[in-house]
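Undergrad: Chains B and P are the protein sequences, given in the same order. Positions 572 to 788 (our numbering) are the ones given, in order, by the first sequence. Positions 65 to 302 (our numbering) are the ones given, in order, by the second sequence.
For the record, the hints were derived by calculation from the structure and aren't laboratory data. Model, not experiment: these values are computed from the prediction. Any given hint could be a false lead.
Partial pick of chain P residues on the chain B-facing surface, computed with a CB cut under 10 Å [stated by the list, open to error]:
#1 W122
#2 A156
#3 I179
#4 V233
#5 A286
All C-beta atoms, glycine included, are put in the ideal place defined by N, C-alpha and C.
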Amino acid sequence: MSVTNPTAMEHGLQSCHGCGLLSRPAPGAHEGRCPRCDEDLVFRKPDSLQHTLAYLVAAAACYVPANLLPVLTTTTAGGSESDTIMQGVVLLWSPTGWPLSLIVLFASIMIPSAKILALGYLLITVKRGSITNNAQRVRLYRMVEIIGRWSMVDVFVDTFTVSLIQLQPLMSVEPGPGLLFFAAVVVLTMLAVESFDPRLIWDTADAKETQKKVQYA
Amino acid sequence: MVTRRKMSSQVQHHHSDCNRPLADASVIACLDCDLLQRIPEVDNGASVRCPRCDKELWRHKPDSHNRTFALTMAALFLYIIANTVPMLGLHAAGREAFTTVVGGAHQLWLDGQQIVSVLVLFAAVISPALQIGFLLLIVLGCQRQRPPAWVGLFLRHLHFTRTWSMIEVMLLGVLVALTKIADYATVVLGTALFALFALVILLAAIQSAFDPREVWQRVAWAEPDMQPSLAGNAEAKS
Numbered sequence: 572m573s574v575t576n577p578t579a580m581e582h583g584l585q586s587c588h589g590c591g592l593l594s595r596p597a598p599g600a601h602e603g604r605c606p607r608c609d610e611d612l613v614f615r616k617p618d619s620l621q622h623t624l625a626y627l628v629a630a631a632a633c634y635v636p637a638n639l640l641p642v643l644t645t646t647t648a649g650g651s652e653s654d655t656i657m658q659g660v661v662l663l664w665s666p667t668g669w670p671l672s673l674i675v676l677f678a679s680i681m682i683p684s685a686k687i688l689a690l691g692y693l694l695i696t697v698k699r700g701s702i703t704n705n706a707q708r709v710r711l712y713r714m715v716e717i718i719g720r721w722s723m724v725d726v727f728v729d730t731f732t733v734s735l736i737q738l739q740p741l742m743s744v745e746p747g748p749g750l751l752f753f754a755a756v757v758v759l760t761m762l763a764v765e766s767f768d769p770r771l772i773w774d775t776a777d778a779k780e781t782q783k784k785v786q787y788a
Numbered sequence: 065m066v067t068r069r070k071m072s073s074q075v076q077h078h079h080s081d082c083n084r085p086l087a088d089a090s091v092i093a094c095l096d097c098d099l100l101q102r103i104p105e106v107d108n109g110a111s112v113r114c115p116r117c118d119k120e121l122w123r124h125k126p127d128s129h130n131r132t133f134a135l136t137m138a139a140l141f142l143y144i145i146a147n148t149v150p151m152l153g154l155h156a157a158g159r160e161a162f163t164t165v166v167g168g169a170h171q172l173w174l175d176g177q178q179i180v181s182v183l184v185l186f187a188a189v190i191s192p193a194l195q196i197g198f199l200l201l202i203v204l205g206c207q208r209q210r211p212p213a214w215v216g217l218f219l220r221h222l223h224f225t226r227t228w229s230m231i232e233v234m235l236l237g238v239l240v241a242l243t244k245i246a247d248y249a250t251v252v253l254g255t256a257l258f259a260l261f262a263l264v265i266l267l268a269a270i271q272s273a274f275d276p277r278e279v280w281q282r283v284a285w286a287e288p289d290m291q292p293s294l295a296g297n298a299e300a301k302s
């Protein structure tokens with residue numbers, strides 16, 4: 572790239588995540604406060620990569636029991652039966668129910684794993700100082716941000732299945748231990764997304780650009 | 065600590081811990097890639113995007129205040145209905161059962177899943193309430209020519225309530241649960257379910273009607289001495 576891209580950080584300016592105002596911190600200061608909305612300001616989210624990595628590792632650790640432990644236990648006169656998320660998807664598969672089955676498969680199994688992989692990819696490329704595919708990488712980040720919430724679907728499915736099917740002694744449904752781990756995956760991946768600072772994607776390329784300029788000057 | 069004048073374009077003040085604004089408020093940095101740029105004034109309905117990363121920086125929404133006010137009042141009304149009347153019912157073996165959103169969370173709590181219960185309550189009941197409440201306070205405060213600084217406080221935290229408010233996700237979950245349960249019992253749809261559907265549409269409409277930038281340009285600043293004069297503000301708005 573031959574075009575120079577002036578960034579706020581290079582110019583010692585901080586932009587506010589609360590209100591978007593651009594302002595200058597006191598000379599030498601790294602932290603400031605927004606004069607318009609009182610938000611605490613920094614150049615980049617502090618320890619963004621470490622925080623994102625921590626949430627991501629925790630989410631990946633919870634992902635295993637979330638998929639192996641049962642999320643629902645159905646008790647009928649004939650005995651009780653426990654279902655994991657994947658078994659729930661299979662049970663839902665029928666000539667009329669297959670679209671919903673696909674939605675659950677997508678929201679509960681594919682979105683959480685895709686989120687963990689996508690954030691892992693962003694973390695690795697930023698850590699290694701990649702300067703390619705910046706626009707695609709920031710688009711990937713935004714996509715993860717938007718679709719992430721939909722993995723909560725299964726938590727709500729289980730909540731309302733449990734609360735409606737309370738027909739003791741004929742039939743009752745109880746939540747299983749997998750539900751807590753699954754909810755943890757959803758929350759932890761959302762926190763990982765929040766703590767990642769997409770501006771880090773651009774910083775290496777900007778720094779190299781500045782270096783080049785200094786060399787030629 | 066004494067703050068010194070470093071650039072002539074800045075206003076000199078004596079707040080040691082507070083940042084100084086730029087003289088030109090239309091200069092901003094993209095929140096996704098930090099690129100410095102000037103936001104041009106665009107026509108109603110048009111949007112401004114970052115040339116480097118394509119993030120939408122601003123969309124000029126027509127009649128933002130009045131539309132947001134009307135939609136928020138309607139959302140408040142629907143929210144109250146949605147959380148007071150039954151959402152789902154069930155007939156099976158001569159018995160009936162009804163539940164509300166809060167009832168669903170309550171049953172999870174009774175079954176020993178307290179943490180998940182609180183999460184469901186937070187995402188489906190508390191966050192939407194905060195979202196609607198914050199919006200209502202913002203539009204009420206914006207009735208004044210110069211909205212007071214607490215409007216900025218609520219507007220700053222609106223993003224958080226939107227992130228965790230998951231009514232649309234819950235509705236999809238209810239739909240799936242209904243399909244499951246329909247195998248065992250006759251399902252009755254309650255009034256609250258229809259209210260929630262309408263609420264999801266209203267919240268999306270608020271999202272496309274509300275222009276936060278318009279409020280930020282008018283609101284009284286947390287640091288009143290730092291705020292550019294009204295004349296400068298009016299110039300930026302026109």
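Undergrad: Tell me, in ascending order, the numbers of any earlier hints that this structure violates.
TA: none
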